[in-house]
Amino acid sequence: MAEITLVEAVNQALAYEMEANPDVIVMGEDIAKNGGVFRATVGLLDKFGAERVLDTPLAESMIAGLAVGMAARGLKPVAEFQFMGFIYPAMDEIINHASRMRNRTRGRLTCPVVFRTPYGAGIHAPEHHSESTEAYFAHTPGLRVVVPSSPSRAYGLLLASIRDPDPVIFLEPSRLYRYAKQEVKNDGKALPLDVCFTLRSGDDVTLVTWGAMVKETLAAAQSLEAAGISAEVIDVATIKPLDMDTILASVEKTGRCVVIHEAPLTCGVGAEILAQIVEKALFSLKAPPERVTGFDTIVPYARLEKYYIPSEKRIIDAVNRLMEFA
Amino acid sequence: MKIIDRFEVPYYQYLNEESQLTDDAPQQVAKDSNTLLNLYRTMVLVRTMDTKAVALQRTGKLGTYPSTRGQEAVFVGVGNALAKEDIFVPYYRDMGTLLQRGVKLSQILQYWGGDERGNCYNSEDFPYSVPIGSQSLHAAGAAYAVKFRKENRAVLSMFGEGATSQGDVYEAMNVAGIWKLPIVFVVCNNQWAISVSRQAQTAAHSIAQKAIAAGFSGEQIDGNDIIAVQHRTVEALHAAREKGEPRLLEMVCYRQHDHTTADDASRYEPKNMREQEWKKEPIARLRRYLEQSGLWSEKEEEILQAECAVKVDEAVKEYLSVEPQPLESMFDYLYASLPDIYKTQRDMLKDVEIVAHG
Amino acid sequence: MKIFHLPDLGEGLAEAEIREWYVNEGDVVKVDQPLVSMETAKAVVDVPSPYAGKITQLHGKANEIIKTGAPLITYETDEVVADKGSVVGKLETSEKKWDDGDVIIGGTKTRAPAIKAMPAARVLAQQLNVDLSQVTATGPQGLITADDVKRFMENSNENKSSSTQLTGQTEALRGVRRVMAQTMAQSHREVVPVTIVEDVDLTDLPPKSDITVLVLKAIVAAAKAEPALNTWFDGKSLERKVFDEVHIGLAVDSTEGLFVPVIKNAEAKSDQELRQMVDEYKKSVSARTVAAKDLQGATITLSNFGMIAGRYATPIIVPPAVAILGCGRSRDVVMPRNGQMVIGRIMPLSLTFDHRAVTGGEATRFLGTVIQQLQSAK
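Residue numbers (the numbering used here), protein chains in the order written: chain U, 1 to 326; chain C, 1 to 358; chain X, 1 to 378.
No wet-lab data here; the hints were simulated from the structure. Don't take each hint at face value.
Simulated restraints, written as ranges between beta carbons of each label pair [what the hints assert, rightly or not]:
1) C:K343 - X:R189: 46 to 52 Å
2) U:Q222 - C:V352: 34 to 40 Å
3) X:K109 - C:I341: 38 to 44 Å
Note that CB positions come from ideal geometry on N, CA and C, so glycine has one too.
Model the full assembly from the supplied sequences, consistent with the hints where possible.
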């Protein structure tokens with residue numbers, strides 16, 4: 001079993017499900033002959049042919065709208081937006097249609113689509129290629145929002161997302177695409193949606209995060225352990241619907257919580273998590289919960305980009321502040 | 001049954017592949033040696049800078065960069081045709097045009113080097129637009145403002161042929177047609193939208209004919225023929241400025257490099273295609289014409305190459321010597337004046353600054 | 001096999017001179033790794049590798065001129081072209097393994113939840129030094145209220161004398177004790193410890209010498225001589241980080257347990273500064289005011305267990321560090337000197353090192369340097 005990167009795991013999952021389900025159609029810009037700009041769809045055209053692997057004309061709202069139409073007719077489109085920064089023309093189709101199809105037809109027509117896109121900063125790209133705006137979709141009823149953080153979770157969660165009968169926004173952290181390798185068995189086993197993953201058990205503080213920030217959070221937890229602070233790390237994975245049970249149980253145990261996300265602070269998903277912690281676990285808290293996030297600015301161009309992404313140090317500083325409360 | 005409409009799409013070429021003026025080339029071209037020499041010199045400078053930018057990226061000194069190789073005639077010709085007071089709305093390959101509109105070479109590098117100050121042009125032109133085609137609507141809006149204020153100006157919106165599949169571009173053309181906006185749409189059709197060929201982008205026989213659906217005229221121009229590019233653009237801008245008539249100009253050329261320095265066209269581009277198309281390339285074509293007309297020589301070429309190398313070197317030096325912006329600058333242009341609630345975050349960056357930049 | 005030809009370095013020149021190779025034949029390189037420094041008529045430029053793979057041949061030596069387009073390096077690689085797979089930007093690649101460890105779907109479901117108390121009650125308890133686990137809760141949903149805390153204070157003042165029961169109580173380990181149990185177990189699992197012991201002859205040391213400071217300085221000197229012991233080692237990725245700075249963790253005992261505050265940059269501190277830091281830490285540990293950040297970042301540790309009792313020991317290393325020096329109790333002994341029996345003073349030293357990252361030679365030389373430094377101190 002080979003060790004593969006996160007983007008290779010995406011490719012593996014797509015190939016598996018296309019083989020298993022003849023209704024799966026993969027579509028997007030430059031995804032067929034070119035195999036996708038990050039090679040997420042490499043090899044699929046040769047294997048499954050030009051009717052199931054579609055190089056679309058250059059138009060994002062068209063991609064989303066086509067997918068809605070195809071899905072309503074029983075196909076299973078997996079549509080790619082080349083970068084999250086270019087998903088915005090498709091918002092009308094996603095919010096006004098994909099998220100509502102089941103609801104407004106009382107289930108007669110549904111929208112089993114996966115919209116996948118590379119997201120997040122940290123690859124020294126030109127502007128608009130560094131978006132982390134999962135909050136826009138987390139705020140939309142009727143959608144699922146899923147964010148893998150490792151090759152194995154990318155594989156398992158993408159399979160689950162494709163098999164899910166409702167629209168899923170699948171955000172792939174581009175900074176982690178080729179960052180590390182992992183053995184991922186190509187056995188078609190999906191991971192469960194709607195549930196968090198506890199990556200590290202601990203007793204002193206709960207660190208809640210997702211996507212690329214899992215990397216810095218695990219590194220911070222390691223450093224904290226050397227200093228005698230035991231951190232529990234939770235990978236949210238499914239941003240919507242949120243598995244607050246796991247998060248709350250952890251906070252009740254540790255009494256301290258830091259939420260870490262790359263997206264800007266104000267109205268980020270961290271705000272939702274903190275609100276629920278305060279509503280439901282206030283009396284277990286030994287210290288006020290904190291958020292370590294991107295600033296409330298537009299992601300700066302490549303020169304300053306790395307100062308925007310929350311650093312391991314900022315996470316450790318936040319934990320140290322919480323530990324000062326007895 | 002009766003036919004209610006037919007349409008025509010003219011094709012323009014004034015300097016052919018053999019570097020000879022065609023029959024319908026306007027008379028004054030042969031006599032306008034100043035303009036021709038200016039166009040030639042600018043194209044050579046653009047190519048020199050472009051080659052250097054690619055090399056800078058390969059040695060880690062520049063971020064991802066989209067080359068304009070082979071497309072110099074389109075950008076330089078358009079830049080020369082624009083009047084000073086006209087407004088230019090670029091996409092992202094337009095160095096050849098921006099250079100003639102007050103943007104410094106080092107600023108071009110600054111943008112691709114990841115510094116927002118690369119957008120601080122000394123002009124009223126719009127900045128680059130990375131989301132494909134979205135800027136064509138801004139151009140239409142700017143054209144409306146020009147019309148509203150009764151200014152004697154035109155707006156020129158440039159984009160690639162891939163962009164013409166975007167809804168935004170058709171929306172911009174449609175409103176330009178119905179509101180009679182003083183705007184010229186220029187399509188740099190270099191045959192590729194990353195890996196998607198022109199043939200796979202649309203079933204329309206020409207991009208130019210998309211103008212018909214918006215109610216105005218479109219024409220196709222040999223994009224390797226800078227004389228036709230320049231002349232037809234001057235014509236179109238005149239019509240837009242004086243008569244409020246929008247027009248679509250499709251410049252047909254070829255992308256002589258990968259989409260960007262991070263792309264690998266060998267994955268999808270047929271072998272030998274670039275070599276084939278290189279025979280039509282614009283700089284050699286004009287050079288041959290100038291030499292045949294006694295306006296250029298090997299010696300002049302040597303001098304020009306040396307001059308361009310010096311200019312490019314200076315630009316690179318200037319670019320490499322610029323200090324990065326202070327970290328708090330992330331907040332400086334969010335609003336006209338930064339609301340108080342963001343000041344704490346801005347202060348947080350000041351501490352990081354000390355660690356980062358001393 | 002793949003040949004990389006010298007690219008146009010952007011100077012428009014036809015050739016360039018090799019200034020310095022950064023790699024050798026046989027090296028395995030990554031994409032973008034700097035290969036060579038090339039000098040053109042105008043500038044010196046680093047050339048990054050377009051491929052990942054093993055270098056089988058370098059086509060030129062330093063100071064040789066290579067023409068643009070001529071072969072520069074031959075790689076042995078199965079890849080036809082290193083596909084960097086992007087259209088903008090640059091993705092970080094590495095041979096790192098993503099180690100998931102034990103991933104649990106959902107929550108850990110271990111220990112019972114911690115104590116529930118009104119935030120005001122917690123603040124009060126902290127101020128009054130009350131252990132919340134002892135307080136009876138009467139608030140809604142089983143919460144401890146501020147009144148509950150106050151009531152506990154009044155009762156405990158009354159009941160101090162009435163505890164006559166001798167039955168022991170099991171207590172869950174908390175705080176520092178708890179961390180100690182976990183940390184020691186982890187160390188035992190991972191580290192491969194070897195301890196060398198030796199005596200240092202302190203007979204000739206001037207009276208009233210500050211032994212602790214001398215030992216700290218000796219450690220700094222030994223770390224310079226054998227930096228392999230002033231290192232962090234990651235057993236999972238088999239990587240180590242050798243430090244120039246010497247941050248010495250100082251084991252300090254207290255009623256709560258063992259703390260190891262860190263003397264940062266010991267190599268840059270004067271004797272007075274070192275003594276000052278040692279005293280400050282002793283105070284702050286006993287007052288439990290030592291800051292969490294001061295307990296982090298030790299590159300090597302010193303344990304003066306002999307202050308209390310004991311000669312030799314096998315002190316335990318806490319990863320990621322790889323060495324710890326223990327000083328036992330100094331004592332007078334009868335020792336031979338120049339064929340005579342004299343009374344001298346010795347201090348036993350025990351150096352434990354992690355044999356995954358440190359060789360026996362490095363460790364013995366380290367210890368030797370410590371001893372030599374102490375025995376020649378003035």
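Right, here's what the structure says about each hint:
For K343 of chain C and R189 of chain X, the Cβ-Cβ distance of about 49 Å falls inside the hinted range of 46 to 52 Å, so the restraint holds. As the Cβ distance of Q222 of chain U to V352 of chain C is approximately 22 Å, the hint placing it in 34 to 40 Å is violated. Between K109 of chain X and I341 of chain C the beta carbon distance is about 40 Å. The supplied range of 38 to 44 Å therefore holds.
Consistency note: the structure conflicts with earlier hint 2 alone.
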